[in-house]
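If you're matching them up, the sequences are chains B and A in order.
First residue of the first sequence? That's 1 in the working numbering, and the numbers climb one at a time after it.
First residue of the second sequence? That's 1 in the working numbering, and the numbers climb one at a time after it.
If you are wondering where the hints come from, they were derived from the structure by calculation, not from laboratory data.
As the structure is a computational prediction, the values presented were derived from the model and not from experiment.
Glycine is no exception: its CB is placed at the ideal position from the N, C-alpha and C atoms.
Do not rely on the hints blindly, as some may be mistaken.
Unchecked claim - The calculated label-pair distances, taken between Cβ atoms and stated as ranges, are:
| # | chain 1 | residue 1 | chain 2 | residue 2 | range |
| --- | --- | --- | --- | --- | --- |
| 1 | A | S303 | B | T154 | 51 to 57 Å |
| 2 | B | N163 | A | A306 | 38 to 44 Å |
| 3 | A | E77 | B | D156 | 48 to 54 Å |
What the hints assert, rightly or not - Interface residues of chain B toward chain A, partial, derived using beta-carbon atoms under 8 Å:
| # | residue |
| --- | --- |
| 4 | G73 |
| 5 | N75 |
| 6 | S80 |
| 7 | K139 |
| 8 | L144 |
| 9 | T148 |
| 10 | G155 |
| 11 | E159 |
| 12 | F196 |
Below are the chains, spelled out letter by letter.
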Amino acid sequence: MKKFEKLNSTVVPLPIENIDTDQIIPARFLKATTRDGFGENLFRDWRFDSNNEPKADFVMNDPKYKGQILVAGKNFGCGSSREHAAWAIEDYGFNVVISSFFADIFKGNALNNGVLPITVSEEFLEKIFAEVFADAEAKITVDLEAQTVTIDATGDSFEFEINPYKKSCLINGYDDIDFILSHKEEIEKFEEERPFSFYR
Amino acid sequence: MGKTLVEKIWDAHVVKRAEGFPDILYIDTHLIHEVTSPQAFDGLRKRNLPVLRPNQTVATADHNVPTLDQHLPIKEELSRYQVDMLSKNTKEFGIELYGLGHPYQGIVHVIGPELGITLPGKTMVCGDSHTSTHGAFGAIAFGIGTSQVEQVFATQCILQSKPKMMKIEVNGELQKGVGAKDIILYVISKITAAGGTGYFVEFAGSAIRSLSMEGRMTVCNMSIEMGARGGLIAPDDTTYEYIKGREFAPKGEKWEEALAYWKTLYSDDDAVFDAVLAYDAADIQPMITYGTNPGMGIGVSESIPATLAQPESEQLSFQKALDYMGFKDGDAILNKPVDYVFIGSCTNSRIEDLREVAAFVTGKQKAEGVEVWIVPGSKQVEAQAKAEGIDKVFEAAGFQLREPGCSACLGMNEDKIPAGKYCVSTSNRNFEGRQGPNARTMLVSPLTAAAAAVTGKVVDVRELI
Numbered sequence: 001m002k003k004f005e006k007l008n009s010t011v012v013p014l015p016i017e018n019i020d021t022d023q024i025i026p027a028r029f030l031k032a033t034t035r036d037g038f039g040e041n042l043f044r045d046w047r048f049d050s051n052n053e054p055k056a057d058f059v060m061n062d063p064k065y066k067g068q069i070l071v072a073g074k075n076f077g078c079g080s081s082r083e084h085a086a087w088a089i090e091d092y093g094f095n096v097v098i099s100s101f102f103a104d105i106f107k108g109n110a111l112n113n114g115v116l117p118i119t120v121s122e123e124f125l126e127k128i129f130a131e132v133f134a135d136a137e138a139k140i141t142v143d144l145e146a147q148t149v150t151i152d153a154t155g156d157s158f159e160f161e162i163n164p165y166k167k168s169c170l171i172n173g174y175d176d177i178d179f180i181l182s183h184k185e186e187i188e189k190f191e192e193e194r195p196f197s198f199y200r
Numbered sequence: 001m002g003k004t005l006v007e008k009i010w011d012a013h014v015v016k017r018a019e020g021f022p023d024i025l026y027i028d029t030h031l032i033h034e035v036t037s038p039q040a041f042d043g044l045r046k047r048n049l050p051v052l053r054p055n056q057t058v059a060t061a062d063h064n065v066p067t068l069d070q071h072l073p074i075k076e077e078l079s080r081y082q083v084d085m086l087s088k089n090t091k092e093f094g095i096e097l098y099g100l101g102h103p104y105q106g107i108v109h110v111i112g113p114e115l116g117i118t119l120p121g122k123t124m125v126c127g128d129s130h131t132s133t134h135g136a137f138g139a140i141a142f143g144i145g146t147s148q149v150e151q152v153f154a155t156q157c158i159l160q161s162k163p164k165m166m167k168i169e170v171n172g173e174l175q176k177g178v179g180a181k182d183i184i185l186y187v188i189s190k191i192t193a194a195g196g197t198g199y200f201v202e203f204a205g206s207a208i209r210s211l212s213m214e215g216r217m218t219v220c221n222m223s224i225e226m227g228a229r230g231g232l233i234a235p236d237d238t239t240y241e242y243i244k245g246r247e248f249a250p251k252g253e254k255w256e257e258a259l260a261y262w263k264t265l266y267s268d269d270d271a272v273f274d275a276v277l278a279y280d281a282a283d284i285q286p287m288i289t290y291g292t293n294p295g296m297g298i299g300v301s302e303s304i305p306a307t308l309a310q311p312e313s314e315q316l317s318f319q320k321a322l323d324y325m326g327f328k329d330g331d332a333i334l335n336k337p338v339d340y341v342f343i344g345s346c347t348n349s350r351i352e353d354l355r356e357v358a359a360f361v362t363g364k365q366k367a368e369g370v371e372v373w374i375v376p377g378s379k380q381v382e383a384q385a386k387a388e389g390i391d392k393v394f395e396a397a398g399f400q401l402r403e404p405g406c407s408a409c410l411g412m413n414e415d416k417i418p419a420g421k422y423c424v425s426t427s428n429r430n431f432e433g434r435q436g437p438n439a440r441t442m443l444v445s446p447l448t449a450a451a452a453a454v455t456g457k458v459v460d461v462r463e464l465i
């Protein structure tokens, strides 16, 4: 997993709530057996019509809006556990998703792929949307070490939370398997001492 | 201080707990399928690691399989390749596969319980969010992403922070024509599609207790639709009776040992929940969704809520949902026309669902212009339906009984609802495009689906039974 430290970027605003993983990557694109290339189909049915023509009114097709930060309405990533959603977001070029609320499984999947999900207050989310819709060139700074997200133009800043273990994984580019495997003896001891033979 | 049921099971599975870290939680059973596993197997190869406990892992092909002519090679190339990869991977890593053609094949959340693999007190995971289904037995069961599938392959453990605890009680007696699906759609409509996020939910109360195991599975299945990590129900005699004698259930002395332990699996009287909600079963009508998330549900006799009645920040999303569905503020949902009826999915494809539908449609015909697909949850459900003559009832009614798989619940195979068409569905998600690009889904119980199939519109099934 690649390392994450600091990011300064323009943003793509998507002020819609309850964006589910079927929108992020529709099921018909889950037939691949590798992790690559999902970005092409990110938000497929919102980006393209049935003739595969870009829909002009969708924000990702508006050349004004680009950048490595996606900002979305609350309950982002609800629904299916498909990690393909996180792969698609990463592959498209987003390294950060900001929302006022994330679905649990998506949040974990994003973190496992070096994409930082940042939960901000509804108020702060509104501030970002207001700033970006006023000026598409508005930039945001994300500082993982300091756990802050800042709107450059106004200096408005929000301190976000992240599990300290997950933070160190992102900063160092480690993943969970390395960590769990470092406890392999304890896993085997747990299995030996487990009282219930009927589970095996 | 007492413990909740979740805490009892969780604490019995903690391999390592350290301040500032998620728990290392031991996983008893790992269920896998063709769609979310190939990249995890690839990861193992890259790291040169084996599957640590292949005998605690069970595989089936369900998401991507056709539901017609399963004896023939899969026509769609990418689907065939993905299913073939599962055969190759499970063989290479020594995992049991109930693939196409096997008498145990079926939807992963249907076969676990019916084979006696799902047991009280277990921890179970699967790369599928509806893994919460298995919670009906008093197990901690939840969906995971593919990176975590790889973790469980490599370590038989998962890194997970202990969730918050919520209790949802439903007490009293259900009205005639109202069932488990209506209970859960009602609860989600009350607490919203995000209301359970961060929680593990224990369902309790007399209305939940009175449900069969299959009804309880329907309830726990949709826990994820309120954002909850999982849902579960304390085991009782109904649970033990269902499990006893099943293929992989404990037998003889082991059964006695298991039973003695399972009887300790309940939330203590003084256990503390972070949130407690209670509902009256008598308030629940047959439910139906009108929007594009499972929280957008109403009783069939109610009207679609007004956009302006929603909180201001949600109005844009609400209006977008109604536009997608082709509905307007204040529309009655009754008598809305229906093009397709889908009875299937890990929510409602078990034998009791099929029996209930068959009992209702016996002697009736599907309405003209309506397409009805019945997709059993497993080969065993299909065989049982045929043994009981249910297939004949469906045939006489003009319903298509297909072969097992996830089918039109997510439209990964060719079972898609055409753009703009209305599908009354017993599945679990009404997201935009879920059942096919621009398909419009209304989630209901099997009984309400059956009523829509024979009338061609949304009706109140209470008036037809």
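Hint check:
1. A:S303 with B:T154: 51 to 57 Å: violated, 43 Å
2. B:N163 with A:A306: 38 to 44 Å: holds, 41 Å
3. A:E77 with B:D156: 48 to 54 Å: Given a distance of about 51 Å, which is inside 48 to 54 Å, the answer is holds.
4. G73: Hint on G73 of chain B: holds, closest Cβ of chain A at ~7 Å, below 8 Å.
5. N75: Holds - the Cβ of N75 of chain B comes within 8 Å of chain A, reaching about 4 Å at its closest.
6. S80: Nearest chain A Cβ about 5 Å off; hint holds.
7. K139: Not OK, violated: K139 of chain B not within 8 Å of chain A, min 24 Å.
8. L144: At about 16 Å, which exceeds the 8 Å cut-off, the nearest Cβ of chain A leaves the hint on L144 of chain B violated.
9. T148: violated, 20 Å
10. G155: G155 of chain B check fails; min Cβ-Cβ to chain A is 24 Å, beyond 8 Å.
11. E159: Violated. Min distance 18 Å.
12. F196: holds, 6 Å
In the structure shown, a violation is registered for the earlier hints numbered 1, 7, 8, 9, 10 and 11, in ascending order.
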